[in-house]
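Peer 1: Sequences listed follow chains A and B, in order. According to the working numbering, the stretch in the first sequence is residues 918 to 1378, in order. According to the working numbering, the stretch in the second sequence is residues 280 to 373, in order.
If you are wondering where the hints come from, they were derived from the structure by calculation, not from laboratory data. By construction, the Cβ of each residue, glycine as well, lies at the ideal position given by its N, Cα and C atoms. It is possible that some hints are incorrect.
To be verified - Just the calculated beta-carbon pair ranges, DEER-fashion: (1) B:E336 / A:D1269: 34 to 44 Å; (2) B:E336 / A:K1007: 45 to 55 Å; (3) A:T1104 / B:E336: 43 to 53 Å; (4) A:G1345 / B:P350: 27 to 37 Å; (5) A:D1269 / B:I309: 32 to 42 Å; (6) B:P287 / A:D1118: 17 to 27 Å; (7) A:L1333 / B:P339: 26 to 36 Å; (8) B:A371 / A:Y1172: 55 to 65 Å; (9) A:D1269 / B:P287: 38 to 48 Å; (10) B:P287 / A:E929: 44 to 54 Å; (11) B:E336 / A:Y1172: 45 to 55 Å; (12) A:Q1284 / B:K365: 42 to 52 Å; (13) A:D1204 / B:I284: 15 to 25 Å.
Stated by the list, open to error - Straight-line Cα separation of at most 30 Å, DSSO-like style, residue types lysine-lysine; simulated pairs: (14) B:K365 / A:K1346; (15) A:K1321 / A:K921; (16) A:K1138 / B:K334.
Stated by the list, open to error - So the derived list for chain B, only partly shown, Cβ under 10 Å to chain A, looks like this: (17) M280; (18) P283; (19) P286; (20) Q292; (21) K297; (22) E321; (23) E336; (24) L360.
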Amino acid sequence: MEIKKIFLPESELPRQWYNILADMPTPMEPPLHPGTGKPVGPEDLAPIFPMNLIEQEVSPKRFIDIPEEVLKVYSIWRPTPMYRAYNLEKFLKTPAKIYFKNEGVSPAGSHKPNTSVPQAYYNKVAGTKRITTETGAGQWGSALSMACSFFGIECKVYMVKISYNQKPYRRLMMETWGASCVASPSTETKAGQSILAQNPDSPGSLGIAISEAVEAAVTGKDTKYSLGSVLNHVMLHQTVIGLECQKQMAIAGDYPDVVIGCAGGGSNFAGCAFPFVRDKINGKNIDIIAVEPLSCPTMTRGPFAYDFGDTVMMTPLMPMHTLGHSFVPAPIHAGGLRYHGMAPTVSQLILDGLIRPEAVPQLETFQAGITFARTEGFISAPETNHAIAMLIREAIKAREEGKKKTILMNWSGHGLVDMAAYEAYMRGKLSDHALPEDEIHRALNDIAVLPKPKQYRAGKI
Amino acid sequence: MKNPITPPEDSHQIRCRKLGHQISFSYCRIENLNIPCSKILECWADHFNAAEYLKFELTPDEWEKAFETAPKPKISTLLDLIEHAKKVKENASR
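Isolated chain A (complex conformation) (with noise of 0.2 Å):
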């Protein structure tokens, strides 16, 4: 008989997180204080994190310990199972054997438990009773809010309004776990008091919530605020994907040509890769891809026109894809995922060429979603979605390469909370329009003389 889970026993659970500051090619650079334009420090931290967690976020340890307390809680639904995805390859007509990691059956559906749960401990333990959060859709919040209740600590969630309105279930969720979800903006904040008395009807933004949350934290006794990506010891916490997947692919007897994750801040896709980051490191071929949404398919047909410099100095120099001031000049990477929410070290290793970024459209995401639910069985989260279509690309390749390719994907959370989502491609109401080739020649004939970028090392042109 096929073996289609491979799981690990409890006893396997891995011990230690791994961080990859210990191994980066390229030393990450302190990120400077806007205010004076020193390095930041701990103490600049401090009012809004625990000393314990900003340690974290600066160590150069290559392993740090998980706690006892929080393994307990991770055992809960880690280690998870990592599947062998014997009906997609059949249904691919692909010789590559592909797995997949099944991040959906935390209790909040994703893998954001995965650094909730050690934040929640270590708040903890600093003495923190209260810590504030902001979320969009929820699935950051629930997962924090969830992580809070195991540890007796009071939750409170800024959710932004539109959110609010339009996503019950994650705020119900939320609740549930006894978090105390408000809409943003609030009367509880000046944030918030100074936005409603500009507009009282005002939707909302992640912008306006995180201010809510960070001034809450700063303002209030015994209050901290956490953050679900981006930051060091987020990426450090997720870790434990990929450190459960080596173990997982030695009982299978097998190792990954590809790894692929979906990146948005970078978490699930840091977590899954950032282990086998350090083998390629070590020496191994890998080809580890970090998938975004590619809004706009033409942006790939920019050329680097000109430097964009980070406002902090975290990567050196930011080359961008653009098709000009005439059409359109905003910061647009598509491809690159340089974005400023993303995690820096995501993006250093790309420019180290150590990961591969793609980016795939919208609709291919959805086809791929539900390819995968009618034959693996299970609904992706949307974002989710992305890693697949990038695994069914990879997986065809391999079938006109006649390659026996292995092939992981970080499955990084189900949809059963999205719907509406695909409701939308199954009515028909999304669309990938290319946009007119004359468009585009104008456009690119407006920038031919703006100087090309000075600095430019690996990445996806």
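Fit chain B to the supplied structure of chain A, relying on the hints for placement.
Peer 2: Showing chain B alone in chain A's frame:
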């Protein structure tokens, strides 16, 4: 003069990569304190000529603020917010 381009109606929604759910153009148009979200051109380019529409709608200052200002890295944003919140706390204690 009337804008020759008509944006999609609110019933036409796309997935917001920031919020993680479906949203209409009218929200993206005012997301950043009444100026457009910095990703609006990218996200809506597939659906209609958002760039031309917004060029007509926005003042040069609004356009620059929305699209030509480098977004800050997260850590920098957090540090700014901490400094701002400290001032709120100081004012409250006076």
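Peer 1: Hint compliance check: list the failing hint numbers for this structure, sorted ascending.
Peer 2: Structure breaks hints 3, 7, 13, 14, 16, 17, 18, 19 and 23.
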